[in-house]
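Chemist: The hints should help you fit chain B onto chain A, whose structure is shown.
So the sequence lines, in the order shown, correspond to chains A and B.
This note's numbering numbers the first residue of the first sequence as 56 and each following residue consecutively.
This note's numbering numbers the first residue of the second sequence as 56 and each following residue consecutively.
Some hints could be false.
Said to hold, decoys possible - Over the 12 Å line for every Cβ pair with chain B, so calculated as not near, a few chain A residues:
#: 1; residue: 87
#: 2; residue: 165
#: 3; residue: 178
#: 4; residue: 192
#: 5; residue: 198
#: 6; residue: 201
#: 7; residue: 215
#: 8; residue: 219
#: 9; residue: 264
#: 10; residue: 276
#: 11; residue: 315
As the list claims (entries may be wrong) - To list a few chain A residues with every Cβ distance to chain B over 10 Å, as calculated:
#: 12; residue: 96
#: 13; residue: 148
#: 14; residue: 163
#: 15; residue: 170
#: 16; residue: 242
#: 17; residue: 312
#: 18; residue: 335
#: 19; residue: 336
To be verified - Stretch-level coverage of chain A by chain B, calculated; a stretch enters the list once three of its residues show a Cβ under 8 Å from a Cβ in chain B:
#: 20; segment: 74–81
#: 21; segment: 249–263
FYI, nobody ran anything at the bench for these hints, they're computed from the structure.
All residues carry an ideal CB built from backbone N, CA and C; glycine is no exception.
2 protein chains.
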Amino acid sequence: MRDLTEANLTEAVLQKLSNTKDPRLKEVMSSLIQCLHTFIREVEPTQDEWFDAIQFLTEVGQKCTDKRQEFILMSDTLGASMLIDAINNRKVEGTTESSVLGPYYRESAPELASGQSISMTKEGETIQVSGHVSDQKHVPIKGAILDVWQTAPNGLYDVQDTKQPDMNLRGKFRTDTKGRYLFHTVKPASYPIPTDGPVGKMLSGLSWHPNRPAHIHFIVSAKGFKPVTTQLFIDGDPYLESDAVFAVKDSLVAKIVSREGASSKDTASNNVSPVHNDIHYDFRLEAAQ
Amino acid sequence: MRDLTEANLTEAVLQKLSNTKDPRLKEVMSSLIQCLHTFIREVEPTQDEWFDAIQFLTEVGQKCTDKRQEFILMSDTLGASMLIDAINNRKVEGTTESSVLGPYYRESAPELASGQSISMTKEGETIQVSGHVSDQKHVPIKGAILDVWQTAPNGLYDVQDTKQPDMNLRGKFRTDTKGRYLFHTVKPASYPIPTDGPVGKMLSGLSWHPNRPAHIHFIVSAKGFKPVTTQLFIDGDPYLESDAVFAVKDSLVAKIVSREGASSKDTASNNVSPVHNDIHYDFRLEAAQ
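Chain A on its own, in the form it takes in the complex:
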């Protein structure tokens, strides 16, 4: 393994994997090395271009904090996250389609009573979100958990916005005996992914806009079923056709239906203003094997 040339270098690097014990690591690294070398051979980067790429990746890493994951943004905007999502969620017909988790999920959202609002402020247009969680055959699932999070009407998640209370617009809800869930929130806004870092510069160089259509994130889980990580998109949003992270699926687009007045239940707790807007969406889970 010496005197390597353009012709035999890739093979020499791959041959070193014969020392590697973990079979999965071996498989992953073999593909990585081949794809990396193919990229280099196709593009023939100059030394300066390669150093620019090294600098770019370094900046991506250094932009990450416990509240910001710039490599996830990069993965999302290059379609990698949605491809992995698709591969890991080859769906049984009739179950809810998945979408990306995104970088703003927090595990520790509070569990709230059915009907409560996840909005801790009065800002924004209130909407009621309700529906059923059932299995593929429409049999309701009792005690399913819906872990919900979204942006405020300013397009920012709590972790991005010091003016929002901690855990604003996050909550966990449980379905009742009939598989029903119900919660209140405010209308989410379409928003640009953060553009003040290297991924923002990349998008700008590519002339790709950074916007995501308005959406509400969900992880829906229940004992005996495969959990689904997904997003509900708001019908009519101008970015449905050009989501910066490729996440929109037709089956995940939900209509806001306006209605007059409000039930007493809607306004009972948590400073919820009278409800005039409804989203109804049913989730269907695939049985775990």
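Modeler: This is chain B only, laid out in the frame that chain A set:
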């Protein structure tokens, strides 16, 4: 561009490049997206594996400082740096072969008089390095600059070792009217690349050793010629056959020839101890076009 699936997602991401103005960026990103998606389709990473990869890249970025470039280590150990070096230095027969720059180059090394030592301490076995810089037809090049750097006998560069004086074992030398150069140094040591970061963990997982054979780095440049970035390796080193960064070329392996006594010139300046070891190496540069 909505309702994308495993089948049509890659094509949809690529289609967005029709918006991109810079033709080189378009070419690079097109290849990058295809190679990235090919890697994902081949490996089918789980969500957890992908998150581990994101975490790994984040750690690589966060390990970088102004004195440590972990992404260059990654590029070096996966053979990417030497492949780019090979592509960018398709050589005219008879000129000096190139090798990687490595992460420890510093632009501002002091210019020293011919014969001086780059070692600011008395540690290590002194060697004299001399030879000619000429063109392809062996015509000497006057005023060529040799920018030289290497580790101390402990295997560390000045920037890695607070006990070494700043700019220890770095210097620039100029050829005389006959194209001759001469300097003193101490015998370089083979050394492990830094293993206390994520790339070290990667090598350990792969069961790849981190060692590089002993070498002296050079950038040799002259007006009217293409500069060459290269390394001289010391014959007999145990890691010549398994350099962790794939950089060894037969034509760059130099013998240390021992001789008795020392000329008065060798000991004249800079606390140089009597010389008993010689490296003779001639560099040949390709004319710039």
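Chemist: Flag every earlier hint the structure violates by its number, smallest first.
Modeler: Numbers 1, 9, 12, in rising order.
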